[in-house]
Amino acid sequence: MTFLHFCLGILVLSTTGSLVRVVIGPTVWDRLLGIGLSASKITLAVVLTAVSIPEPYLLDLALMFSVLGFLVTVLVSRYIERRGQV
Amino acid sequence: MFVLAGIVTALGRTLIVVGLLITGFGVYSVLKLDNFYSRSVVTSKVEAMGFFTVTVGAMLLSGASIATLKLLVLLVFELLTVSAGAHAVARSAWISGYRTRTVTPPEESDADSVLHVGITPETDPLNDDYPDSPAGRRNSHG
Numbered sequence: 001m002t003f004l005h006f007c008l009g010i011l012v013l014s015t016t017g018s019l020v021r022v023v024i025g026p027t028v029w030d031r032l033l034g035i036g037l038s039a040s041k042i043t044l045a046v047v048l049t050a051v052s053i054p055e056p057y058l059l060d061l062a063l064m065f066s067v068l069g070f071l072v073t074v075l076v077s078r079y080i081e082r083r084g085q086v
Numbered sequence: 001m002f003v004l005a006g007i008v009t010a011l012g013r014t015l016i017v018v019g020l021l022i023t024g025f026g027v028y029s030v031l032k033l034d035n036f037y038s039r040s041v042v043t044s045k046v047e048a049m050g051f052f053t054v055t056v057g058a059m060l061l062s063g064a065s066i067a068t069l070k071l072l073v074l075l076v077f078e079l080l081t082v083s084a085g086a087h088a089v090a091r092s093a094w095i096s097g098y099r100t101r102t103v104t105p106p107e108e109s110d111a112d113s114v115l116h117v118g119i120t121p122e123t124d125p126l127n128d129d130y131p132d133s134p135a136g137r138r139n140s141h142g
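Chains as they are written, first to last, in my numbering: chain A, 1 to 86; chain B, 1 to 142.
So here's chain A without its partners, still in its complex pose (with noise of 0.2 Å):
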């Protein structure tokens, strides 16, 4: 039970917790905003993992990982808002 471990336990559940406000979530502006929380905390995941064992490669995928979690968001949220046309 190391400090990695404790951490990414937290993690799972506050992830977990977002993915039910994605599945619940009576509009479709609740379930975006549930993604855009799941994909922050994916990103805080590798972030941890890639600092404990010293692998800094890992540390792209995490940028990488972000950008697409802010591109889904602001490209769903602009298809939702103009019925269609990006």
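Simulated from the structure, these hints should not be mistaken for lab results.
Mixed in with the good hints there might be a few duds.
Said to hold, decoys possible - Simulated coverage check for chain B against chain A, where a stretch passes if three residues somewhere in it have a Cβ under 8 Å from a Cβ of chain A:
hint, region
1, 4-17
2, 38-46
3, 67-79
4, 87-101
Positions of the beta carbon are idealized from the N, C-alpha and C atoms, including for glycine.
Dock chain B against the given chain A, drawing on the hints supplied.
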């Protein structure tokens, strides 16, 4: 010198645990609040704060290496994009007509010094009759 390394490691681990607790608090409030706009307000603040704290703690843990520079780039990018993403979602909800309180037009009152706020027909985004409102502009483009 070794004592300093131990202090920096302990400080980094403390910051990471504090950041994870902040993030957990944000998740609890997202599950507990009533409507979408309240959840959006809490999410944008808490997520940025938690991410910042965890990343600073990770930078302290990894010392002086290339990983610290990469984490700095990640931190700056995340701080810039969390606000923009939350604003895009809230704006999309507002323009599509999702309301949680009814907005009433300004009423006629006796006091002239009352500041009238509210949605007038010209600025109502759901009103198709006026060409200046966002809905009217959309209809004129076909």
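Under 8 Å between beta-carbons, do enough residues of the region 67-79 of chain B, three at least, approach chain A for the coverage claim to hold? Coverage by chain A holds here, the residue count being 7 at a Cβ distance below 8 Å.
Quick one: see if chain A covers the region 87-101 of chain B, three-plus residues with Cβ-Cβ under 8 Å. That given contact holds, which follows from 9 residues of the region 87-101 of chain B lying within Cβ reach (below 8 Å) of chain A.
Are at least 3 residues of the region 4-17 of chain B within less than 8 Å of chain A when you compare beta carbons? That given contact holds, which follows from 3 residues of the region 4-17 of chain B lying within Cβ reach (below 8 Å) of chain A.
Report holds or violated for chain A covering the region 38-46 of chain B, Cβ cut-off 8 Å, minimum 3 residues. With 3 residues closer than 8 Å to chain A, the region 38-46 of chain B meets the three-residue bar; holds.
The structure shown violates none of the earlier numbered hints.
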